[in-house]
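**Student:** Line order of the protein sequences matches chains A and B.
Counting in the working numbering, the first sequence runs from 1 upward without gaps.
Counting in the working numbering, the second sequence runs from 252 upward without gaps.
Mixed in with the good hints, there may be bad ones.
Straight-line C-alpha distance at most 25 Å; calculated BS3-like pairs for lysine-lysine [unchecked claim]: (1) A/K81 to A/K118; (2) B/K511 to A/K227; (3) B/K413 to A/K228; (4) B/K553 to A/K247; (5) B/K407 to A/K247; (6) A/K245 to B/K444; (7) B/K413 to A/K227; (8) B/K511 to A/K233; (9) A/K247 to B/K511; (10) B/K452 to B/K505; (11) A/K65 to A/K11; (12) B/K511 to A/K148; (13) A/K90 to A/K148; (14) B/K518 to A/K227; (15) B/K402 to A/K247; (16) B/K486 to B/K518; (17) B/K491 to B/K391; (18) B/K347 to A/K245.
Derived by calculation from the structure, the hints in this document are not laboratory data.
Since the structure is predicted, the reported quantities are computational estimates derived from the model, not experimental observations.
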Amino acid sequence: MTNREMDTVIKVENLTKRFGNFTAVDNISFEVKRGEIFGFLGANGAGKTTAMRMLCGLSIPTEGKGTVAGYDIFKQPEMIKKSIGYMSQKFSMYEDLKVWENLELFGGIYGMSDKVIKQKTDELMLNLNFEEERDKLVKALPLGFKQKLAFSVSIFHQPQVVFLDEPTGGVDPITRRRFWEMIYDATAQGITVFVTTHYMDEAEYCDRVSIMVDGRIEALDSPENLKKQFHAKNMDEVFQQLARKAKRGDN
Amino acid sequence: MYAIEVKNLYKNYYSDKSGKFAGIGKKTDIENDSNLVPLQGLGAGISFDVNRGEIFGIIGPDGAGKTTLFRILTTLILAESGTATIDGFDVVKDYKKIRKRVGYMPGRFSLYQDLTVEENLEFFATVFNTTIEENYELIKDIYVQIEPFKKRRAGKLSGGMKQKLALSCALIHKPSVLFLDEPTTGVDPVSRKEFWGMLQKLREQGITILVSTPYMDEATLCDRIALIQNGQFLKIDTPKNIVSQFADTLWAAKSNNMHKLLEDLRKDEQVKSSFAFGDSIHVTVDNGQLTVDSLKKYLIEKGHENITIEAIEPTIEDCFMELSTTQI
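Work out the full structure, taking the sequences as your base and the hints as a guide.
**Tutor:** Pasting the structure below:
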């Protein structure tokens, strides 16, 4: 069976990362299924970023095991990097490059051929109704356009899974919702979405949500089940109940 | 006298058509030069007043002009036109007096990373000709939380601790008006709640607070708010009044298939807008145009089950979206 046919895109067991005597990620285990939207929540300093860096092949775990897109996170981090996409609000595209130049750069980095890059760029410009923006510098685009484009860039090479690190921070309410509609479209194409957010209404849009507290996953289930389990009327209440218990500061 | 009084303030940054930064221009420039495109800033000329002891929120997304406004009011940049006063002092003529009496916490962490917590605080106290002891009462509640780390360099602090130190430093000279530019951006929901608790306490001590945020749910914690987008104020009022002025009928809808529900609602021409809102979809319709029953019937025809549609009170986010200039 090839990797693409497998149903589990992310699988980690007892994953741990220590820095000296500080345990940033403490023995976490979970699986993410193909096409799923997996929300990865936690207070500042709970260990989300460290965990995400391990899943992206950027940091080798201290203990545990795991695969992402079918590749081992200890032995095949370079293969993982090729099979995933990444986007954050802080960095996603080069502002001083034009729209098409960004697509060419990222496509090239991921080893796409010139022909495929050109063909996919044409398709994308058409689908996003972006023909007029093609030759514009990214920094001249309105924020809503940038958001859409950044997400499109992150899945341009058709990764198996895309990691979205607070993708909607500071974005206006309508653009934020449009962005989630794009996420749904991507999952319809079979792309798996791993997303962090501080907006608790967005936690409701995920198929399943995990909440990290002090390096551990304290809760993992569908938003509906979590609300039942914690007798909460929304995900914000669930989060407040769990994250208040945190002992360590956000280091 | 108002703590802050702003009349017709205007400032814009422009780029040429390729997106290259073309400098800062006047309104007439852009109107006469079709090659100039506004980047961000305060485009339309904004006016508002803040009463003494009020928490006034500037609520809006990135690029709306929040930081530009804060920089003009804290005398760091000049406006293109219009006037602004802080405690009656003009931001241009009396800038030295203003700098003595305002506290400013910029959006980006801007304390000295190589100084310790204590040294930073002492530095700011000295610059303002005071001592930590003299105004300790004011910062006590906030500072005790970081005092155990007072020998640690500011650059080595966690995000939440940096935020508390920055607030302490902005308060150490007992300012009359406090400017907080996005103090909670990127901060988790628990820490955000805690931070707003601190602001309420400061207000009780008579400090006027102008605070900006992209989080709409923080609006209700302000006495009055201005909703801002693309350099324009969409509305200025108390959160309660803004909610009561919501013009449309608002429903929350659910069914067994939420993705399809959104699609089907958008196909109905009598539905003005529909957007996901946590676990339901908020639907706006013109008053008296459509009934719950007829919408339900339409959705049943489309194959939905377990449909619930109920009238709800709008949130500030609903109001922002109704007033928003973003294309639906």
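**Student:** Indicate, hint by hint, whether the structure satisfies it.
**Tutor:** Each hint, compared with the structure:
At most 25 Å may separate the alpha-carbon atoms for a hinted pair to count; A/K81 and A/K118 meet this at roughly 23 Å. Distance check on the hinted pair: B/K511 and A/K227 sit about 23 Å apart at the alpha-carbon level, within 25 Å; holds. Distance check on the hinted pair: B/K413 and A/K228 sit about 36 Å apart at the alpha-carbon level, beyond 25 Å; violated. Among the hinted pairs, B/K553 with A/K247 is inconsistent with the structure: their alpha-carbon atoms are about 50 Å apart, more than 25 Å.
As the CA atoms of B/K407 and A/K247 are separated by approximately 19 Å, the hinted pair is consistent with the 25 Å bound. Between A/K245 and B/K444 the CA atoms are separated by roughly 15 Å; this keeps the pair inside 25 Å, and the hint holds. Distance check on the hinted pair: B/K413 and A/K227 sit about 33 Å apart at the alpha-carbon level, beyond 25 Å; violated. With a CA separation close to 24 Å, the supplied pair B/K511 and A/K233 stays within the 25 Å bound.
Between A/K247 and B/K511, the direct Cα distance comes to roughly 42 Å. Violation of the 25 Å bound is thereby established for this hinted pair. About 40 Å separates the Cα atoms of B/K452 and B/K505, which puts this hinted pair outside 25 Å; it is violated. Under the criterion of a C-alpha separation no larger than 25 Å, the hint pairing A/K65 with A/K11 is consistent with the structure, at around 8 Å. As the CA atoms of B/K511 and A/K148 are separated by approximately 22 Å, the hinted pair is consistent with the 25 Å bound.
At most 25 Å may separate the alpha-carbon atoms for a hinted pair to count; A/K90 and A/K148 meet this at roughly 14 Å. Distance check on the hinted pair: B/K518 and A/K227 sit about 31 Å apart at the alpha-carbon level, beyond 25 Å; violated. Simply put, B/K402 and A/K247 have alpha-carbon atoms about 21 Å apart, close enough for the 25 Å limit, and the pair holds. For the proposed pair B/K486 and B/K518, the alpha carbon gap of about 30 Å is over 25 Å, so the pair is violated.
As the CA atoms of B/K491 and B/K391 are separated by approximately 32 Å, the hinted pair breaks the 25 Å bound. For the hint pairing B/K347 with A/K245, the CA-to-CA distance comes to about 46 Å; that exceeds 25 Å, so the pair is violated.
The structure fails hints 3, 4, 7, 9, 10, 14, 16, 17, 18 (numbered hints given earlier, in ascending order).
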